[in-house]
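Line by line, the protein sequences are chains A and B. Start counting the first sequence at 1; every next residue gets the next number (this note's numbering). Start counting the second sequence at 1; every next residue gets the next number (this note's numbering).
In case anyone wonders, no lab produced these hints; they're calculated from the structure. Among the hints, erroneous ones may be present.
Pairs involving identical chains hold if they fit within one copy or between any two copies, as the list cannot separate such chains.
[As the list claims (entries may be wrong)] Calculated lysine-lysine pairs in the DSSO-like style (CA-CA distance at most 30 angstroms, straight line):
1) Lys187 x Lys416
2) Lys457 x Lys416
3) Lys202 x Lys457
4) Lys187 x Lys202
There are 2 protein chains.
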Amino acid sequence: MQRAHRQQSRRTLGWSAGTGTAPLRRPGAVGRGSGAGGESGHPLSRGRENTALFDYESGVKAAFDTIVPTLKQVSALQHESDFELRAQRLAQAELGFDLPEAILSDAWIAQLDMPQLFAWCVFETYRRYCDQFYAQDPLVAGDADEFEGFLQACGFHTLDISPCADGRLAHLVRYVLRLPHRSVRRKSYAGAMFDVDDSIQKWVETEMLRFREGRPNTADAPTRYLKLVAYHHSSVDPEHAGCAAHGSDTRRAAAAGLERLQAFQQAIENSFCCGASIDLLLIGIDTDTDAIRVHVPDARGSIDLDRYVDAQALFDATCRMTATQAASLLGETVRGCSPDVASGMATLIERLLEHNLSQIDYVRGCYGQQYPDGDHAERFIGAGVGFEEVQLRNLMYFAYLDTVEEAAQDLDVGVKIFSALNVSRGLPIPVVVRFDYHGRVPGARERAVTHCQRVAKALFGRYAELAGRGLLHVMQVVRDCNANASIEVLECSVNATPAAGAH
Amino acid sequence: MQRAHRQQSRRTLGWSAGTGTAPLRRPGAVGRGSGAGGESGHPLSRGRENTALFDYESGVKAAFDTIVPTLKQVSALQHESDFELRAQRLAQAELGFDLPEAILSDAWIAQLDMPQLFAWCVFETYRRYCDQFYAQDPLVAGDADEFEGFLQACGFHTLDISPCADGRLAHLVRYVLRLPHRSVRRKSYAGAMFDVDDSIQKWVETEMLRFREGRPNTADAPTRYLKLVAYHHSSVDPEHAGCAAHGSDTRRAAAAGLERLQAFQQAIENSFCCGASIDLLLIGIDTDTDAIRVHVPDARGSIDLDRYVDAQALFDATCRMTATQAASLLGETVRGCSPDVASGMATLIERLLEHNLSQIDYVRGCYGQQYPDGDHAERFIGAGVGFEEVQLRNLMYFAYLDTVEEAAQDLDVGVKIFSALNVSRGLPIPVVVRFDYHGRVPGARERAVTHCQRVAKALFGRYAELAGRGLLHVMQVVRDCNANASIEVLECSVNATPAAGAH
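Same shape as in the complex, but just chain A (with noise of 0.2 angstroms):
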């Protein structure tokens, strides 16, 4: 049953390449250094990989998008004296999964409730969407083994980063950085003003197990904890498209995060003895392009706003070079921004931004110039702790989150977005709160249930005219972060709940 339905998932979800929905042109480049496209291929673009991730975003989001054309469809026939027969094959057809009875069932009384039926839908193509991640593994990274290895090598024990809330940096880690997602720590915060003393934990916990467990190395080994700070502009629009949390003004994002940083910092230094510091690095992300700018430090760590490498000149000056000429001007681009960089560090900026390469090259090969949604297109709002799976951008504003008091900034600006978004046009803001748990600690997912039920509650009180409209759905999702599983879907607004215990 669980497996015809994950196969089913696979086929519908469109996974594989050239589903009828599926968006544009796939890249140009195949192999590394190809570059067959046109405009497309940078000779140190992974091809291959590169079609791999577009395939799969490609997928994903065709899945989400396919929603409301097929709702109208259904709205159409509402109707027609076979409606629910009808509505089922449809749906059934283009989103490969039934419409739930109780609301099609209801549509003779008044008319079809269609804000709750497409919060349904979004909901159950989540679920679907997990279920197919977690089984599969589609965004696995060729190097995860080798990379822990490598940040090592450069100093580094933990990479720790904080971009900003805003779904178009949802794919920060596995596609514009192309880093192995299970080897960084990701914590979204609007304008990327983390919480300092989330982070302070954090460095904590990590001091900790190395000291006492030697993960992921000994606390005798002489790397530090790296923390980046990654901050967002529009080069389309700029002053309108940028980071809404400060004001689309880019060099004030900039310093924010900066600032940011150095308190983290400082907080550290103070706060512990023998030497305990970390190392900073602020990044900025052009989100037309995903272009990335790096502010190389200097030698002892200072960051300068500045200051940085540019990813897209570097891309323009290299397309034409063999490989190897262009890891080398990158080399010296990056020594060349700040010379007494420390060796570690400017390895490290040096494999990101050739990493980054890609990424433009993706852009490029797939959505031309720049993309076609440069603003929020977000499919849905993430509330809590997990949410491993959304490595796409533009699917998801993120909120890490534990509790709504504290985070009700960043859900604010979530709420705004979805309200141009949805809510506009009638159709509701669906909320996915998560909180993932460790399965193997007794009464941990008693807990995460508690605080799911606990968040969803605030949320309903903060939004209450919302949600009184029938405008803000939540579904109550839990994951056992120690069993490979997919998420468990635990309760839901919508009168009917996503396969909920179905796992």
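Chain A is already provided as a structure; the job is to place chain B on it using the hints.
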């Protein structure tokens, strides 16, 4: 200015014995084992300490309890022509401070805003009480330095105590158990239902500091983290005056405490390798007599709800013995209760029981067979992180919290208690929102200030109806726990903020 103010505080708060408002009698015993006071006196009771503790307790409580009778007199004066002058004279004489002119000067318009004036006086008295506590350290324990070594000799490097948030347990550490308050961790929760994740975090930090900084001892020392839960019951009115969070059911309170302890232990054992574990201890407190019962663990650390030593019975059995005989019987009773108890655990329990005999003697000597205020009589609610100065019974209902969202249940219990105590007679609920911070960490004060504001706002949101009627007032305070400073008052919902900015 500051010094003069403090001296005045000292006088009018009545720290020295014999103020006109000091209630009841002093403990009969003055020297160790002197047992001069009739029923009072026990060979192991520390009479001098009892006297000092009573002077302090009665002085602080008198300062709070003078507020209502003084305001009644002020109320009677409010339509006199020289009202403001006479009110200030009265306040200075009785309370030791001036009333806020802003409130007095509006009395002619309709009438004196008594609820506001009451809240202001409670907050001002609290502020002066804190000033005195941090300036003079009235509860300093003579054996504080020795205690850490003793604890480690018993096999424990940390003593982490979670009592119930009930104000009748607020004196648990310094009075009931006679421990140095700075040497133990105390986090209070309704029903003693402590947050497992918060405790795990503290365990992680403790391990890290042992490994990294050798604090409080090095990680190779064979000591463990000891978590103690204190539930409570009432011998006088067991079915009504027990723990509200557990429906005044003693067995349920004890069972829930044990269950939470075991959940914490299992979480540590299952989350970390290399034999990581903790030790557990469960005690119960009779809030009428302060007598404890200690559930002595067996050799494997197992705790039985029915197997405990009752300090009350021990007191009665030993009160006519010599100190040597009494100490000997105490040791026999502990080992008789659980013959294979670990030697260090037995030694610690013996000390806790011996200390508690002083407290039983204290209550008998000062108040008779039981406390006259057997039920709730807290003067205010404290919400947040800090409150080191609150070591007195029935002074404050303590909700240890980061957010109102997570601690809603604890706060609801507190608000229910104060609805009976204050709101029922038209007096507001005074809430002190407090976050202590480490001043040596840049930005920490600003984060504590933001934290206060967020929690205060959430309180007004959750209890909007009470606040709208002027029956909920909040004073926000922070404290730098790196400096040996008093609290800093930020703002207050009463029109006039008590001494804001004076520090």
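Verification of the hints:
no. : hint            : verdict
1   : Lys187 x Lys416 : within (21 angstroms within a copy, 38 angstroms between copies)
2   : Lys457 x Lys416 : both (19 angstroms within a copy, 21 angstroms between copies)
3   : Lys202 x Lys457 : both (28 angstroms within a copy, 28 angstroms between copies)
4   : Lys187 x Lys202 : both (11 angstroms within a copy, 22 angstroms between copies)
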